[in-house]
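Line by line, the protein sequences are chains A and B.
For reference, each letter of the first sequence is one residue, going 198 to 655 in my numbering.
For reference, each letter of the second sequence is one residue, going 512 to 1122 in my numbering.
Just so you know, not all the hints are guaranteed correct.
To be verified - Non-contacting residues of chain A with respect to chain B, defined by C-beta distances greater than 12 Å in every case (computed):
#1 L236
#2 C283
#3 F309
#4 V344
#5 I354
#6 I454
#7 S575
#8 L616
As the list claims (entries may be wrong) - Distance windows between CB atoms, simulated:
#9 A566/B with E641/A: 21 to 31 Å
#10 L776/B with V453/A: 30 to 40 Å
#11 L524/B with I279/A: 26 to 36 Å
#12 G525/A with L957/B: 48 to 58 Å
#13 V630/A with Y1094/B: 32 to 42 Å
Said to hold, decoys possible - Listed next, the in silico DSS-like pairs over lysine-lysine satisfying Cα-Cα at most 25 Å (straight line):
#14 K597/A with K608/B
#15 K605/A with K537/B
#16 K1031/B with K601/A
#17 K660/B with K608/B
#18 K608/B with K605/A
#19 K601/A with K1075/B
#20 K330/A with K613/A
#21 K533/A with K657/B
#22 K659/B with K534/B
#23 K330/A with K286/A
Bear in mind the hints are in silico, worked out from the structure with no lab data behind them.
Where a beta carbon is used, it is the ideal one built from N, C-alpha and C, also for glycine.
Here is how the chains run, residue by residue.
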Amino acid sequence: MSAVLLIAIPILAAFISIIVKKWSPYMLLFVSFGLVILLGYLPFEIITIGGFSAPYGISLVVDNYSYTALYVVNVLFFLVAIINVCNYKKLGTILLVSLAGLNGLMLTGDLFNLFVFLEISGISAYIITTTNKKPLATFNYLVAGTVGSILYLLGLIILYNMFGTLNMQDMAVRIAASGATDIEVALPFLLMFIGIGVEAKLLPFNSWVKGILGHSNKLTGPMIAGVYAAASLFVFGRLLTEVFVISDTFMLIISVILAFSILAGEAMAYSSTKVREILLFSSIAQAGIAVLIFVSGFTGYAVLFISLNGFSKVVLFLIINHATEVVGSDEVIDLKGLFVNNKLVGASFTATVLSLLGLPLFAGFFVKMGILSQLFSSGDYVFPAIILLSSVVEGVYFVKLLTKLWYKEDNLPQVKFELPLVYLVVVISLLLVVFGLYFEPLHEQALVLVNHVKGVIL
Amino acid sequence: MASLEFLVIIALLGGVLAYLVGKLSKVVGASLTVLVSGFIFVSVAYFGLNGSLDASITYLPFVSFEATDLYLGTSFGILVTFIFFMVSFFNPYFVDKFKYPSLYSMFYLFSLAGVLGVFFTDDFLVLFFFFELVVWTSLFLIPLGKSKKAASWYYGFSAFGSFSLLFAIFVMRNTAGSFNINDGLSMVGGSDQILVFILLMVAAFAKLGAFPLHIWLPKVLGNSPDPVTSVFSGGLEKLGAFVAVMGLVKLAPVGPVIEAIDMALGQYLIAILGALTIVFGTLMAIRQDDAKKLIAYSSMSNGGYILVALTLLNDTSVSGALYHVLIHALASTAAFLAIGAVNRQTGTTKMSELGGMIHKMPVTYIVYLIAIISMAGIPPMGGFVSKWLIFQSVINEGMILIAIATFFGSIGSFLYVFRPLAALFLGQELPEFRKVIKEAPFFMLLPMIILSGLNIFTGVHPSVILQYINNVLAELGVTELGITTWTLSGNNGDLYPALIAVVFGVGVVIAFIIFIVLKKSRKVDLMDTYTAGNFVYTEELLHYSVDFYAPIERLYEKHINIMKDFYKGIAKKVQEFGSFVKYFFFTNKPEITVLWVVIVLGILLLWGDLL
Chain A
198 MSAVLLIAIP ILAAFISIIV KKWSPYMLLF VSFGLVILLG YLPFEIITIG GFSAPYGISL
258 VVDNYSYTAL YVVNVLFFLV AIINVCNYKK LGTILLVSLA GLNGLMLTGD LFNLFVFLEI
318 SGISAYIITT TNKKPLATFN YLVAGTVGSI LYLLGLIILY NMFGTLNMQD MAVRIAASGA
378 TDIEVALPFL LMFIGIGVEA KLLPFNSWVK GILGHSNKLT GPMIAGVYAA ASLFVFGRLL
438 TEVFVISDTF MLIISVILAF SILAGEAMAY SSTKVREILL FSSIAQAGIA VLIFVSGFTG
498 YAVLFISLNG FSKVVLFLII NHATEVVGSD EVIDLKGLFV NNKLVGASFT ATVLSLLGLP
558 LFAGFFVKMG ILSQLFSSGD YVFPAIILLS SVVEGVYFVK LLTKLWYKED NLPQVKFELP
618 LVYLVVVISL LLVVFGLYFE PLHEQALVLV NHVKGVIL
Chain B
512 MASLEFLVII ALLGGVLAYL VGKLSKVVGA SLTVLVSGFI FVSVAYFGLN GSLDASITYL
572 PFVSFEATDL YLGTSFGILV TFIFFMVSFF NPYFVDKFKY PSLYSMFYLF SLAGVLGVFF
632 TDDFLVLFFF FELVVWTSLF LIPLGKSKKA ASWYYGFSAF GSFSLLFAIF VMRNTAGSFN
692 INDGLSMVGG SDQILVFILL MVAAFAKLGA FPLHIWLPKV LGNSPDPVTS VFSGGLEKLG
752 AFVAVMGLVK LAPVGPVIEA IDMALGQYLI AILGALTIVF GTLMAIRQDD AKKLIAYSSM
812 SNGGYILVAL TLLNDTSVSG ALYHVLIHAL ASTAAFLAIG AVNRQTGTTK MSELGGMIHK
872 MPVTYIVYLI AIISMAGIPP MGGFVSKWLI FQSVINEGMI LIAIATFFGS IGSFLYVFRP
932 LAALFLGQEL PEFRKVIKEA PFFMLLPMII LSGLNIFTGV HPSVILQYIN NVLAELGVTE
992 LGITTWTLSG NNGDLYPALI AVVFGVGVVI AFIIFIVLKK SRKVDLMDTY TAGNFVYTEE
1052 LLHYSVDFYA PIERLYEKHI NIMKDFYKGI AKKVQEFGSF VKYFFFTNKP EITVLWVVIV
1112 LGILLLWGDL L
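Next comes chain A alone, as it looks inside the complex:
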């Protein structure tokens, strides 16, 4: 099976679903499930579209990295789709387009092609977020996203002018061969960094997040915070590890931005009284940590971190956004006692949070230890200190949140969770526990991805 199909099938289905509108939700389910299955038969290869070789044609890259990324994104996408397909029937077409765009982002080995997919997935994200019924927030998202992709494009133009290629591998080779100093390429890289940073939610380029995720529903919350966040971080990882040459000045700026993202994200979550805001600000900090790991060069653990984070955020946002839709408010006080009568959902939520905090018996512990171990091995004591400090803050507000959601005597919020949702969150949280006890597969995956960095392709 060719990787092209991962993009072509959803696009084709999207066109058909325009013609036969009634089918669109079923096609969405069928296609996204089919893609998850098809992924099993994907060979590792580089596909050059139209047979033009590297610098001239567009290439799609299937390697360990993109394979893992594709799996995570497609599975998450399918899970989110299956929960929401009945409620948002009209969005079938646009979700198919966004699936094509996301798969393209994971696959492409071409910088300009990446821009195209950024736009495709971005535009579909804007349309998906219109279901929040907050047009102003969506408009802000659109403006911010567009500015981001334009900055990316600007950076790319400068690079193209300097080195005359758009292919990622070719670019890396040419930069190395040209003897260009780090300072010379710092500007285009910074432009591209900011461009992707908008989508990946790095401070201070992420003001759209509050409007979008702060008013998100059961579809947009998991979709933007889970699927899109994972996808944009995977793209970030691809660029940071394979293309960017990181100079000292550039590194300093990135470090400041990341440290600020991590600390401020946790502080903002700490100061929030709305559950959705707590979750979204905490995910800003997590995004900062993910990029930090990529910048430090530990791809394997970064991929694990992003994947776990994606699944965790889907669970958390699904539960909270469902409760919010029923109760009509996402203030912590109004949701107090939510889990008293929903013990199973509560247990899943708690397990997911504990995994997110990196506590033992959950998968998060292993990943966090791996990350810290790698950072310490590289002799860096500052970033581990920042990560650890931020997780103290993170722990405190999550513990506060958990005790509030679990304890209340009377006048409990009347929330019923439907069976598919319960089933989904329980399975994911159980998997977090299973991988927390049996983390050998994660370890192996991390090692495979470590070996992958820079070298398999060329």
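With chain A held as given, fit chain B onto it using these hints.
This is chain B only, laid out in the frame that chain A set:
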């Protein structure tokens, strides 16, 4: 041979089983905790003392246990599993009051598994794994009690402590190249060693509840369910002592040596903080009305003794510290259990609301009496022996200020520990409790009686246990304490604990004879006091335990909240920082985002020009 791995798995599976059984019947589920923790204690104690614990691993991933040099871990392990076992007898009686009873049983045993792992491993990463396991499982036990906020305070301090530990672990790993505990502690040197020392001390202080990281301790001990309080005070706090042993004794002394007292600066600073812990704990304990909070602050000051003694690094001090760990665990668990028993029978632990319990709960009274005698360091209980060892090492070292602090704490403990005794148990019975109160059921009395017996035994015949502690001293590389069957030799001569006990026993007998012979006292109502000519509106205010030490309290009552306000201030600052960032970056205006993009770009461009 008992395999440690097997015991850990038993504890974890037992926890899951207790949860499932607890779903069917709360009490049976909770009774399971008695069985499992009893089994684990007996195995650890029997095989641990025989030196035949099996450290091999077949099933658990990445876990490894210490195969040799087991004395330190074993002594802590036996002690803490014993406390878990004793307290577990209370679980079936308390579990029906909890909101999530089966979860309680599960996390109780999970914490036990964590404790086993911490004390017996030889690998730092495994230690951290179990350390964190203890943190989060015990975390969920706390909000089953009165306060939900106590849990987040606890997590905040604990996480700060355990992340410091983690940081220290990785710094040592970078030097030693492996996570082995002994390698790491012995190989680290230079500036890294100072860092490791500070970090380990932060971890120890946070876990032990020592000044300045003590805020969580009274909150957690005062507000948790009674069995949880006992476990925290007698068991989980001891994790801090364990880390303190690592940092103060196993790690080489840190900093320049102060000639006058022949002590490294690092140790001396810790001794000062330990002394402050003693003083603050004592002062705060004096002013509590709630008996549980009172003992909680006393726990804090006892942690201070342990820290002070560990810094001195000689035979009397280190054995005194380790003995004090044992004594305090026994005494405070007994005291908390006694108060818990009163709480279960009456529903309150406030001293001003109780009185005269001796008439209905005589056994509980005796248990509490023995426990506080030990805590106050009066012979013939164990507390006397450990304090005897600690005091003379402090004096011998010539640390006058710290000696004063320890004496202050000891005298202060006379002031506070007898107050709950008088207020809860002695005096007149309150009318509302007169009819309904009974003595606690037998299975609650059993652990209390056992603990009391040990409190006496440790004071009458300490040499058996000190002999074992000598093994630990040898393992730690400290000179062993001179012991014969009936004497302990300290710096200022020998002590004959059994003789002292005999003399005390004779004194008690004489007092008892006088009590029998003399005329019986007249019984009056609690409020039958000096109210002649007055209407009494709020008679509780006339209870003699209200404002008992008001003149002393007045000396410092304005300053008691300094540390608490400090931490609240930090929390507030974090919140303000968050709100500040939100205000600046998260507006509804996309142009602001664009502005920030431009600013970041501008910085880089200017940078490029300037450099």
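(request) Take the C-alpha atoms of K659/B and K534/B, compute the straight-line distance between them, and say whether it is at most 25 Å. (result) holds (24 Å)
(message) If I claimed the Cβ atoms of G525/A and L957/B lie 48 to 58 Å apart, would that claim hold in this structure?
(response) holds (53 Å)
(request) With a cut-off of 25 Å on the C-alpha distance, tell me whether K601/A and K1075/B pass. (result) Distance ~22 Å between K601/A and K1075/B Cα, so the pair holds.
(message) For K660/B and K608/B, compute the direct alpha-carbon distance and say whether it is at most 25 Å.
(response) holds (19 Å)
(request) Beyond 12 Å from every chain B Cβ: check whether that's true for I454/A. (result) violated (7 Å)
(request) Check the non-interface label on C283/A: least C-beta distance to chain B beyond 12 Å or not. (result) Holds, since 32 Å exceeds 12 Å.
(request) For the pair we were handed, K597/A and K608/B, check the Cα-Cα distance against 25 Å. (result) Judged against 25 Å, a Cα distance of about 22 Å means the pair holds.
(request) Please confirm whether V344/A is truly not at the interface, meaning its C-beta sits more than 12 Å away from all C-beta atoms of chain B. (result) With a cut-off of 12 Å, V344/A comes too close to chain B, as the shortest Cβ separation is near 6 Å.
(request) State, for the Cβ atoms of A566/B and E641/A, whether the hinted interval 21 to 31 Å holds or is violated. (result) holds (27 Å)
(message) Can you tell me whether the CB distance of L776/B to V453/A sits inside 30 to 40 Å?
(response) holds (36 Å)
(request) May I ask you to check that L616/A keeps its beta-carbon over 12 Å from the closest beta-carbon of chain B? (result) Per Cβ check, L616/A is outside 12 Å of chain B; nearest 21 Å; holds.
(request) Grab the minimum beta-carbon distance between S575/A and chain B and tell me whether it stays above 12 Å. (result) With a cut-off of 12 Å, S575/A comes too close to chain B, as the shortest Cβ separation is near 10 Å.
Violated hints for the displayed structure, listed by number in ascending order: 4, 6, 7 and 16.
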